[in-house]
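S.K.: Line by line, the protein sequences are chains A and B.
Residues 1095 to 1520 (my numbering) make up the first sequence, in order.
Residues 445 to 901 (my numbering) make up the second sequence, in order.
Please keep in mind that the hints were generated in silico from the structure rather than gathered at the bench.
As the structure is a prediction and not an experimental result, all values here were calculated from the model.
Hints are supplied without guarantee of correctness; some may be wrong.
[To be verified] Partner residues aside, some chain B positions facing chain A, computed with beta carbon under 8 Å:
id: 1; residue: 477
id: 2; residue: 515
id: 3; residue: 535
id: 4; residue: 543
id: 5; residue: 544
id: 6; residue: 778
id: 7; residue: 781
All C-beta atoms in this analysis are idealised placements derived from N, C-alpha and C, irrespective of residue type, glycine included.
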Amino acid sequence: MTKTKIDPLKRVEAEMKKCVKCGACRANCPAFSAFEREPATARGKVALAQHVMKGDITLDDGTYSAMSKCLLCGSCVDKCPNQVPTDEIVIATREALAQRRGLTTFHKAVGQVIKTRKLMNLGALAASVLGPLFFRKVPATSGLRLRFPMPFLGGSRHIPQIAKKPFMARHPEVIEGEPGKPRIVFFVGCMTNFVYTEIGEATLALFKELGCTVIIPGEQQCCGLPGMSGGDLDTVRELAERNLEALEGHRADYVMTACATCGGALHKLYPLVIGKRNPELKQRLQALADKTVDAAVLLQKLGLDPEQTGAGEALRVTYHDPCHHRTAGIAKEPRALLKGTPGIDLVEMEGADRCCGLGGTFNVYHYESSLKINAGKSAAIRATGADAVVTGCPGCIMQLSDGLKQAGDKTRVSHTVELLARKIRR
Amino acid sequence: MLDARILEKLREIVGPENVATGVQEMICYGYDATQMEFLPECVVHPDGSAEVSLILELANREGFPVFPRGAGSGFSGGSLPKGGGVVLVTTRMNRILRIDTDNLVAEVEPGVVTETFQIAVEKLGLFYPPDPASLKFSTLGGNVAECAGGPRAVKYGVTKDFVMGLEVVLPTGQVIRTGGETVKGVVGYDLTKLICGSEGTLGVVTKIIFKLLPYPEAKKTMLAVFDSIDGAARAVSTIIKGKIIPTTLEFLDHATLTCVERRFNLGIPATGRAVLLIEVDGDRDLIEKQAGRIHTLIEPLGVVQFRVAKDAAESEELWRVRRLVSPSLRDVNPDKFNEDIVVPRSKVPDVIRRIEQIQNRYDIPIVNFGHAGDGNIHVNIMIDKSVAGQEEKAHEAIKEVFQAALDLGGTMSGEHGVGLSKQPFIPMELSADQVAAMRAIKHALDPKNILNPGKMF
């Protein structure tokens, strides 16, 4: 990678001009709904980024604080009359902040963890997305200079259990299927590998059921999204390259993931942040992006019959759309599969596609606000009277579980594939 | 102008967490939808008339300007702190206090978002019709201050037609109530109407009593494509003359249609030169009859396509034509001046012709759409600010557009207000005596000129 730094804000300069400050983003931004102050809106962040570019404000704590109040959920982009890509603008500004001020202690640690260890390495348990967990093990008095307030850690948060044995350690790299059936590279993701291994098992079982060959490249890494969240785009670029090496080839028809966030990284983030500096790499990453597909979408495409795989006890469920699915236009497929599963009664909640409040590392810095956003979600879930909330992202699963537990609620939280594989995994 | 002592007093009044002075906050409360920018020195977020009153008393004593602001979605710069001072944000006051289903009134605080209020009353089978395009994010306080309109104004009227009473903090700090919640009431001057549309220059509204209606049983949406702009314009008068008042009568001219069609391909016939989006609401049987009659009435006026929505989904599909206008306009040019002139309904074809002439004379694309049913046309002058001379040209063109509206017996603004952006043109519409009368009112209520100074005239 080239050492000359290009101002990341230049990348989005033209896009910023599209924002006419109409205020439509006030209606859709989950961060604004929690903070209720204008700097949390999309137009506020665009205005700040424009002033940074003009050079009349600096990338100081105030700018940092405003830019940190974004979940990168993309809601504002969906509803923006001028389609201003505020998510990309925030990413660019965070990168600029990181370049000029250095990463925060927390994000430095995140970067260290997610890029220096392979996903297979149990040491990485100190894990990327599980910042709070990791930080419990880092003394608050560590010699690192604290540039910003330490993120909120622990307290009442419900932290999921780490699996005794990671998903990838349990399986060979290649699980041969029937000849002539699709060959699928499985991008597992940290959360599935270390925490929600059941998602990995169910996914694997379903594609095996379809006769597919499943390849789980051992060299795959964290997708890098936690790094992006803090502006550490260099780490993201490094991980993009390493994941590209790991996932390319294998004579695969698809690169599949059961994590909406990882899917978002492979699909959108990688080609975006590589920029124009390396056209060859960009082309390869675009090819990877084109091959990347969500588990539920692929299961439906390959004609999974949920009656054969998922029939089970009667269960009233409601579906939460992860932001990284909403922005990729994935909504019908998981619902169709769930509706076709005997025993499953799917009821819609209000605002199913509203962000859960996790937002990468947003919830680490703004745990209270994250909870506030999540509380609305929990209420919507409970209002349906569902036994379980189902979604397609392990990140959302962690956040939804936390929110429901905080509310003293016993509603189960599951991944779509877990319900689809009930019969064959019994 | 604001020293540490004043800031400390403001913190005492609203609590330190509700006072901001950092440059980032100032930037974020220094814009609105006009794209003008003026940074305040301080932003306060009071809750309740008592706090607002203390702030205004302090402002009077110390002589600093206060600029009330809702969602900051205005189109005329009415809430912008030109010259610096304190921005007073009303959005913490966002409670719906009561909805009275016996008397069909509701009392709300000014920071309630328009749509939030509409949803709340609709759950009770009631109806608050004003529907500015910004209703998903604009506040009711802002709607009152600007007297917001919207497509449904044809049948139902604008914000002021629904305001029965107010709680207002006067610029000198006194808290008064105006109007009430009775249908009739003639004791004293009608201060309610005076405050509506006063653009935050005469007081800060802290409570609003709204009139409500029963929610109409059904609605019917129609889309008519005409082979000439004249046909569409005559259709508007013909429908009204035919004794039907539709809920909305939205109009898109040829330039607008071309934009939308090029980008979204909605199946508008190529021979189409103008579109009317017509909606009627009310009793189910009645609107069926009205829809049929509307078709018969306008058919001879060069209709090349007439669609009637069978259900809510189809209605939404027809509305898409109108909703996609804004996202399409940028294809013409990156920057726009969005004006909202009004002429008597019957003069719509004349004003459109005049605007066409202005467009040709200045060689700048002008795209017209909007609320033809009440003569309120959104005139969008599309330019590229980065091209030298275009902005100046646009200003000249705007002036001529205003003059055209005035010549035809209209006004230069139907719903956006004067604020800063129409200020230079005020003498074109208001006489010196009119302005003097308004100034006298302003001076009587705000002798030190501390509330939203420098706006309107």
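S.K.: Would you list, in rising numerical order, the hints stated earlier that this structure does not obey?
M.R.: 4, 5, 7
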